[in-house]
Amino acid sequence: MTLTEPAPGQAFGRLAPPTPRTSGSRLLGAGAPDLAGHLRRNGPLPRLPRPQALELLLRDAGLLGHGGAAFPAWRKLAAVHPGRRRAVVVANAAEGEPASRKDRTLLATAPHLVLDGLALVAAATRAGDAYLYVTADALPAATRAVQERVRAHRDDVPVTVVEAPDLFVAGEESAVVSRLSGGPALPRDKFTMTVESGVNGRPTVVHNVETLAHIALVARHGSRWFREAGTEDDPGTFLATVSGAVAAPGVHEAPYGVTLGELVARAGGPSTPLQAVLVGGYHGAWLAWPGAADVPVTRAGLRPYGAAPGAGVVVTLAAGACGLHATSRLVDYLAGQSAAQCGPCMFGLPRMAAVLRALALAPHARVPGTTAAEVERLAGVVDGRGACKHPDGTVRLVRSAMSAFRADVQAHLAGRCLHEYAGWGAR
Amino acid sequence: MSAPGATRAPVTREVTLHVDWTACDGRGLCTELLPELLVRDEWGYPRSRDGSREPVVPRGLRRAADDAVAACPLLALRLRGA
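Line order of the protein sequences matches chains W and B.
Under the numbering used here, the first residue of the first sequence carries the number 1, and numbering increases by one thereafter.
Under the numbering used here, the first residue of the second sequence carries the number 1, and numbering increases by one thereafter.
One or more of the hints may lead you astray.
Computed from the model, here is a short list of chain B residues facing chain W with C-beta under 10 Å [as the list claims (entries may be wrong)]:
#: 1; residue: V19
#: 2; residue: G44
#: 3; residue: Y45
#: 4; residue: G51
Think of the hints as simulated: they come from the structure by calculation, not from any bench.
Note that CB positions come from ideal geometry on N, CA and C, so glycine has one too.
Construct the complete structure from the given sequences, taking the supplied hints into account.
Here it is, written out as structure tokens:
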């Protein structure tokens with residue numbers, strides 16, 4: 001095995017540091033500094049007997065996608081039908097969600113797990129091309145890993161590394177397809193499914209990099225092993241990015257079924273008493289604390305709260321902070337991140353942001369028309385009306401805030417705030 | 001093996017109206033031709049009366065829906081399942 005020098009200007013220092021190996025750290029514990037180390041640590045990548053073998057293995061394992069939608073991983077493979085045009089497979093590490101660091105961390109820690117997974121999916125779909133779609137800060141690690149494999153003649157399907165712009169919607173599946181087809185990283189109209197027609201019209205399978213890393217381990221260790229962690233319906237482990245008012249913010253791996261309280265504890269515990277947690281990132285939902293501490297991170301566990309595990313993003317809110325103010329700033333950001341292609345999003349999100357901002361600032365400034373009813377009316381107008389789920393996710397966040405922080409809404413409309421300071425209250 | 005079409009949209013005889021939101025400019029011709037299905041929002045964009053993402057086009061409105069698809073100046077409409 002050839003040894004490689006670090007790429008010049010390698011940006012490891014700017015990436016979220018990986019967590020020290022703890023029990024159950026399947027992904028973060030499988031990392032290695034180079035290809036040789038990866039193979040020593042994890043063993044060789046098995047060649048599966050037939051293309052359908054991977055699909056069956058993943059179905060038995062019950063692996064869900066880790067990009068946010070939790071779509072069963074095997075289904076995308078099953079949906080690719082042999083045809084005239086060779087398939088394209090994509091490893092998606094765009095990580096447009098600002099509160100998420102897991103994809104970058106995974107690429108810095110265990111890039112060869114990701115690339116093994118990509119190679120397996122490429123073989124299973126008889127793909128002609130593969131892409132690794134990464135943010136600028138992960139480019140050096142990604143490029144270095146790909147080059148190592150090229151020198152070692154590891155992959156049958158060539159992998160092209162493509163930079164994802166730093167936009168919230170850049171990682172949306174159709175935006176990825178658009179970018180890889182030579183266009184902008186903006187969502188496209190979805191009349192046809194990506195698995196049928198994606199990059200340059202070819203059948204395309206897009207998987208989050210974490211999903212691919214799990215695939216690389218399932219191929220080595222089997223579906224029964226995979227199911228030893230997690231729950232019956234949500235098997236395996238996941239990477240969580242925990243931030244806000246916690247002592248050790250960062251990326252932590254845990255089995256599905258872990259409670260939000262345990263997850264916060266793994267992130268060093270609260271640095272100050274907590275009021276609420278945002279589960280699922282900027283398109284997620286607020287859960288009140290301490291009640292949320294006992295909620296398990298599973299689809300069924302979070303569904304009653306209007307939330308889902310998603311891409312494992314948990315942002316904690318300090319007790320002294322105003323949840324309406326924090327949400328208002330998120331919605332300002334989300335409105336600004338609209339691709340500005342679809343009317344309801346382009347006009348509706350800024351309008352919703354303006355009303356929410358007025359509500360958040362209401363103790364000091366009374367703006368006519370600022371009512372909870374107006375927020376809900378606008379939410380109803382934009383929900384479900386756009387080429388992608390950006391308006392839907394923003395509505396979900398807003399509705400959960402109006403519910404979780406209803407006491408704050410009442411107080412603000414009465415001209416006062418219940419909390420000491422604005423923002424997140426993180427130290 | 002997985003059943004063919006296992007992950008496709010459910011097979012249905014219903015025809016639905018699909019809006020390409022990236023093309024739609026809120027001109028409103030569709031809302032005039034299909035007032036039973038569509039209204040305009042405060043910015044002029046079509047909104048289904050029943051709140052669905054892709055409203056079902058009943059048989060009796062099929063002709064009007066075809067007209068709306070043809071009339072859209074941005075070619076933003078398509079019928080799915082037709």
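Find the hints from earlier in the document that the structure breaks and name them by number, from lowest to highest.
-> none
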